[in-house]
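Go ahead and model the full structure; you've got the sequences and the hints to work with.
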Amino acid sequence: MTSTTRTVQVHRIYIQATPEAVWTAITNPEWSERYGYRSPAHYELRPGGRYQGLASAEMKATGVPEVAVEGEVVEVDPPRRLVQTWHPVWGPEAAAEPATRLTYEIEETAPGVTRLTVVHDVTDAPSVAALVAGEVPNAGGGWSEVLSDLKTLLESGKPLAC
Amino acid sequence: MPDDDLVFKALADPTRRFLLDLLFARDGRTLTELESELAMTRFGVMKHLRVLEEAGLVVTRRSGREKLHFLNPVPIHQIHDRWIDKYTAHHASALVDLKTELEDR
Chain S
1 MTSTTRTVQV HRIYIQATPE AVWTAITNPE WSERYGYRSP AHYELRPGGR
51 YQGLASAEMK ATGVPEVAVE GEVVEVDPPR RLVQTWHPVW GPEAAAEPAT
101 RLTYEIEETA PGVTRLTVVH DVTDAPSVAA LVAGEVPNAG GGWSEVLSDL
151 KTLLESGKPL AC
Chain B
163 MPDDDLVFKA LADPTRRFLL DLLFARDGRT LTELESELAM TRFGVMKHLR
213 VLEEAGLVVT RRSGREKLHF LNPVPIHQIH DRWIDKYTAH HASALVDLKT
263 ELEDR
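Sequence lines, in order, name chains S and B.
With the numbering used here as the guide, the letters of the first sequence map in order to residues 1 to 162.
With the numbering used here as the guide, the letters of the second sequence map in order to residues 163 to 267.
Rather than coming from a laboratory, the hints here were simulated on the basis of the structure.
In this text, all values refer to a predicted model and were calculated from it rather than measured experimentally.
Note that the Cβ used here is the ideal one computed from N, Cα and C, for glycine as well.
One or more of the hints may lead you astray.
[Unchecked claim] Here are the in silico distance ranges between beta carbons for each label pair:
#, chain 1, residue 1, chain 2, residue 2, range
1, B, K261, S, E20, 47 to 53 Å
2, S, E44, B, R223, 27 to 33 Å
3, S, E66, B, E215, 37 to 43 Å
4, B, D183, S, E93, 23 to 29 Å
[Claimed, not checked] Far from chain B, some chain S residues (derived; all Cβ distances over 10 Å):
#, residue
5, V10
6, R34
7, L45
8, P47
9, G49
10, L54
11, K60
12, T62
13, R81
14, A95
15, A96
16, D124
17, A133
18, L147
Written out as structure tokens, the structure reads:
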């Protein structure tokens, strides 16, 4: 590595569910509001389409605006691959950083078992990097928690108690 | 498919924990970079990385001609949810109860 500013985070989980179910849980706001940050994600699923991560009731209570995360869809290949930009607009530090790039890779590794890999390129965005790594106190557990919760929801029908 | 046994086994070795710490400090390293931090043969480091990969704690990705190693913290988070939270919550509340009981006397 020649550059020390380039930072890519990789989070991977295996889920007993079909790739289609995992895809739906990521792209359908009725699913995304049931795990992780409980933030409904609205996607226009075409290259150049808009992405909006809406604030949950809990986030709004702390002053987070209605649209908490903005982004643009870059690549759509259901149910295998989704690439988008991801830019939190709340919090002065994260908002001042450049948009990050998020890639979801969904692969069936055995019948009914799906491997989900989230690659988050947080180059030049250190406070977003800390947030999604779960290193910011009282700001959630980042990708590890989101993916663990997603797995529990898809496998048991119920999210983790929080 | 990674499970708790593979994760605990992978963590039960100081070299492998050291490799995870290296990746925690800076992610996305090549085998050559990791090997330079250890007094061990390339083959030895590869073996340890394979155990970590089988446990899901390390994920490799290609970047051009290089194979990069990334720390995947998700299995540790799952173990935390499954084991640590349960016991620490219980012990913490048991101690709080004991303290309350003793102090109220």
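Checked hints:
Distance hint for B:K261 and S:E20: a CB-CB separation of about 52 Å, consistent with the stated range 47 to 53 Å. Taking the beta carbon of each, S:E44 and B:R223 are about 28 Å apart, inside 27 to 33 Å as hinted. S:E66 and B:E215 have their C-beta atoms about 42 Å apart, which keeps the hinted 37 to 43 Å range intact. Checking the proposed 23 to 29 Å range against B:D183 and S:E93 shows it holds: the Cβ atoms sit about 27 Å from each other.
A beta-carbon of chain B comes within 10 Å of the beta-carbon of S:V10; the shortest separation is about 4 Å. No beta-carbon of chain B comes within 10 Å of the beta-carbon of S:R34; the shortest separation is about 17 Å. Separation of S:L45 from chain B is adequate, the least Cβ-Cβ distance of about 25 Å exceeding the 10 Å criterion. Every Cβ of chain B is farther than 10 Å from the Cβ of S:P47; the closest lies at roughly 23 Å, confirming the non-interface assignment.
Distance check on S:G49: its Cβ is at least 26 Å (rounded) from any Cβ of chain B, clearing the 10 Å threshold; non-interface status holds. Every C-beta of chain B lies more than 10 Å from that of S:L54, the closest at about 25 Å, which supports listing it as non-interface. For S:K60, the non-interface assignment is confirmed: its Cβ lies about 26 Å from the closest Cβ of chain B, beyond the 10 Å cut-off. The Cβ of S:T62 lies farther than 10 Å from every Cβ of chain B, with a closest approach of about 23 Å, so its non-interface assignment holds.
Under the 10 Å C-beta cut-off, the non-interface status given to S:R81 relative to chain B holds; the minimum distance is some 14 Å. The beta carbon of S:A95 is kept farther than 10 Å from every beta carbon of chain B, the shortest such distance being approximately 24 Å. At roughly 23 Å, the least C-beta separation between S:A96 and chain B is larger than 10 Å, which holds for a residue marked as non-interface. The non-interface label for S:D124 is consistent with chain B: the shortest C-beta to C-beta separation is roughly 15 Å, beyond 10 Å.
The claim that S:A133 is not at the interface with chain B is violated, since a C-beta of that chain comes within 10 Å of its own (minimum 8 Å). For S:L147, the shortest C-beta to C-beta distance to chain B comes to about 5 Å, within the 10 Å cut-off, and the non-interface label is violated.
Figure legend: structure checked against the earlier numbered hints; hints not met, in rising order: 5, 17 and 18.
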